[in-house]
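Going down the list, the protein sequences come from chains Y and H.
Per the numbering used here, residue 28 is the first one in the first sequence, and the count goes up by one each step.
Per the numbering used here, residue 8 is the first one in the second sequence, and the count goes up by one each step.
Calculated from the structure, these hints are not laboratory results.
Be aware that a few hints might be false.
Stated by the list, open to error - Derived DEER-like restraints, expressed as beta-carbon distance ranges: (1) H:R338 / Y:V54: 43 to 51 Å; (2) H:A360 / Y:Y68: 26 to 34 Å; (3) H:L196 / Y:V72: 24 to 32 Å; (4) Y:Y68 / H:L196: 18 to 26 Å; (5) Y:V72 / H:L457: 41 to 49 Å; (6) Y:V72 / H:V441: 50 to 58 Å; (7) H:A535 / Y:F61: 39 to 47 Å; (8) H:V366 / Y:L62: 44 to 52 Å; (9) H:E341 / Y:G55: 47 to 55 Å.
Idealized CB from N, CA, C, for every residue including glycine.
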Amino acid sequence: MKPGTTGTTGTTGTTGTAEERRAPLFVGIVLAEFLAIAGLYWMGVHFS
Amino acid sequence: MSWIDWAVVAGYLIWVVSDGVRMSKRTTEMEGYLLASRSLPWWAVGLSVMATQLSAITMVSTTGQGYAEGMKFVQFYFGLPIAMMILSVTAVPFFWRAKVYTAYEYLERRFDSKTRTLTAFLFLVSRGLSCSVIIAAPSVILSIVLGWNLTLTVLAIGAPTVLYTMVGGVQAVTWTDVKQMAVIVGGILAAVIVLIVGLPDGMSVGSALHLAGAVGKTQALDFRFDLTEKYTFWSGLIGGLFLSLSYFGCDQSQVQRYLTAKSVKEGRQSLFMSAYVKIPLQALILLTGVLMFVFFLFNKGPMLFNGAPLEQVRTGTRAAEYQALEREYDRAFETRRQAAIALAASDAASDQATRQSFVAADTSLVAVRKRATALVKDATKADYDDVNYVFPNFVIEHMPVGLVGLLIAAIFAAAMSSIAAELNSLATATVIDVYKRHMKPEAADSHYLLVSKLATAAWGAFACVAAVYAAQLGSLIEVVNRFGSYFYGSILGVFILAIGIKRANGHGAFVGLIAGMATVWLVATYTAVVFLWLNVVGAVVVTVVGVLVSEMTRSRIGERT
């Protein structure tokens with residue numbers, strides 16, 4: 028490993044603000060994708 | 008095109024170029040020129056990410072796909088939102104905090120110089136060629152549909168883009184991307200409105216979609232697990248996930264977008280915009296194609312939309328055969344039109360006989376078109392592409408004055424936004440990963456700024472010249488696109504090793520990358536597996552081989568010490 032690196036955490040470790048370290052909420056994205064796929068499924072069934 | 012449409016296109020070009028050139032005031036040092044001094048808001052970066060991905064090929068070809076095949080291409084994007092979630096907690100914080108200019112620069116810090124140089128080289132070759140294809144593909148279509156000279160069309164798209172990208176750097180690229188996305192979305196919405204207004208009197212959008220649905224064009228989902236089928240739910244979800252991880256996480260043309268964000272949080276949010284918007288936007292573009300299908304049920308379009316080689320066929324030895332097909336097409340169109348009117352007037356759910364006669368009429372018409380396509384290919388002894396000409400033909404022949412100009416500007420915008428981001432990232436990788444790393448490591452910031460501008464101009468000139476040649480070799484475009492898919496997944500494998508596997512080392516990554524590309528080539532050459540799955544194959548092989556070689560070289564080093 029090259030000097031200055033810290034394994035799997037990049038070149039500056041896991042430093043950063045607390046806000047940066049916190050994983051974002053993915054509920055909205057998962058829900059949006061589910062609704063998009065459900066909508067496309069409905070479209071296929073309803074307009075067949 | 009009327010003078011009003013010309014004025015709209017000219018106005019768009021002047022607006023975008025002048026706005027881009029104004030950005031030169033904010034780029035007096037290299038970090039400002041290449042990374043906007045890491046100062047841009049998430050919404051601008053997010054729109055730039057989307058504009059970079061949405062090229063003119065996507066816009067013209069996706070509407071054509073919607074017209075010919077229906078909605079199923081949307082499945083291609085099902086893996087994208089998941090990829091964005093993964094990248095928001097991996098690539099974005101890693102690259103941003105590492106304060107790198109390129110993704111490949113990070114690989115040297117993590118592994119070694121040879122891994123960085125190989126991945127940067129692969130990026131420069133593939134993106135350099137794809138940049139010329141991104142210019143060539145819409146240039147060919149616009150030159151045929153509008154009757155423009157091909158070289159002038161290439162220059163009309165390429166020259167303004169090179170100018171503002173070279174002068175304004177990433178600031179110009181991002182802020183023009185924002186405006187270009189507005190033009191693109193505005194153009195698509197205008198086309199949808201014109202198509203809805205153009206439906207026959209009394210026909211609702213629902214009835215129109217029932218007509219399209221009768222021939223399977225509203226069926227978006229295919230749950231079969233078939234590795235040889237191009238677009239299925241599974242190939243989109245799994246293969247699309249790997250492709251999106253590679254494209255947004257390892258390709259400098261996208262990584263550079265979120266490196267310009269103000270913070271890690273803003274970089275993440277820029278990717279979330281695509282996660283939310285991409286599937287609905289692609290569905291809207293495909294729906295435009297489906298509505299075009301309904302439009303051409305009632306309004307007679309040409310038998311073949313790409314008119315370029317038809318004059319040669321009409322005056323050649325197969326002219327009588329072609330004329331007979333045209334007469335057959337006229338009859339098939341009228342039969343289908345009557346069947347469509349009957350089906351729209353009936354209760355579609357219960358009137359199976361009317362529905363079956365419409366489906367049969369459509370099948371007959373499609374068969375005539377297929378025979379005509381085969382005849383053209385045979386008579387001209389050349390490849391013949393028709394689907395990509397449906398949307399431009401609709402725009403020119405059926406959109407009202409003013410909106411024709413807006414749609415042509417939208418196709419220009421889609422092309423220019425992708426070209427600008429690619430030129431900017433090609434210049435960055437050239438300067439950071441090649442020039443500064445291997446040729447001149449210690450020089451003043453102003454020197455690197457000047458070289459960055461020269462590199463942008465050089466890549467732009469190369470892309471325009473290559474585009475003129477690529478345009479004359481139609482099948483080369485497909486070769487270049489396929490060439491890219493050979494190592495996309497493999498490069499992703501290298502980054503999985505770098506970010507996700509602590510024990511991986513430079514030897515493992517380098518040997519894994521070679522093994523991954525070789526395996527993908529073998530699978531692509533000797534099996535019928537479609538390209539989306541090649542990304543999975545490449546990433547998995549690189550990761551497995553990389554881990555094994557890392558362990559072997561680690562134990563050898565251990566034995567020696």
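Okay, A535 (chain H) versus F61 (chain Y) on CB: inside 39 to 47 Å?
Check failed, 32 Å falls outside 39 to 47 Å.
CB-CB spacing for Y68 (chain Y) and A360 (chain H) relative to the 26 to 34 Å hint
28 Å, holds
Distance restraint evaluation - Y68 (chain Y), L196 (chain H), Cβ atoms, bounds 18 to 26 Å
Cβ of Y68 (chain Y) to Cβ of L196 (chain H): about 24 Å, so the range 18 to 26 Å holds.
L196 (chain H) versus V72 (chain Y) beta-carbon gap, inside 24 to 32 Å or not
Because 26 Å falls inside the window, the suggested range holds.
Outcome for the supplied range 47 to 55 Å, where the beta carbon pair is E341 (chain H) and G55 (chain Y)
Holds, since E341 (chain H) and G55 (chain Y) (Cβ atoms, about 50 Å apart) stay within the stated range.
Beta-carbon spacing of V366 (chain H) to L62 (chain Y) - inside the hinted bounds 44 to 52 Å or not:
The hint (44 to 52 Å, Cβ to Cβ) is violated, given that V366 (chain H) and L62 (chain Y) are roughly 31 Å apart.
CB-CB spacing for L457 (chain H) and V72 (chain Y) relative to the 41 to 49 Å hint
60 Å, violated
Could you see if the CB distance from R338 (chain H) to V54 (chain Y) stays within 43 to 51 Å?
56 Å, violated
Range hint compliance [Cβ, V72 (chain Y) to V441 (chain H), 50 to 58 Å]:
Because 54 Å falls inside the window, the suggested range holds.
Checked against the numbered hints given earlier, this structure breaks hints 1, 5, 7, 8; the rest are met.
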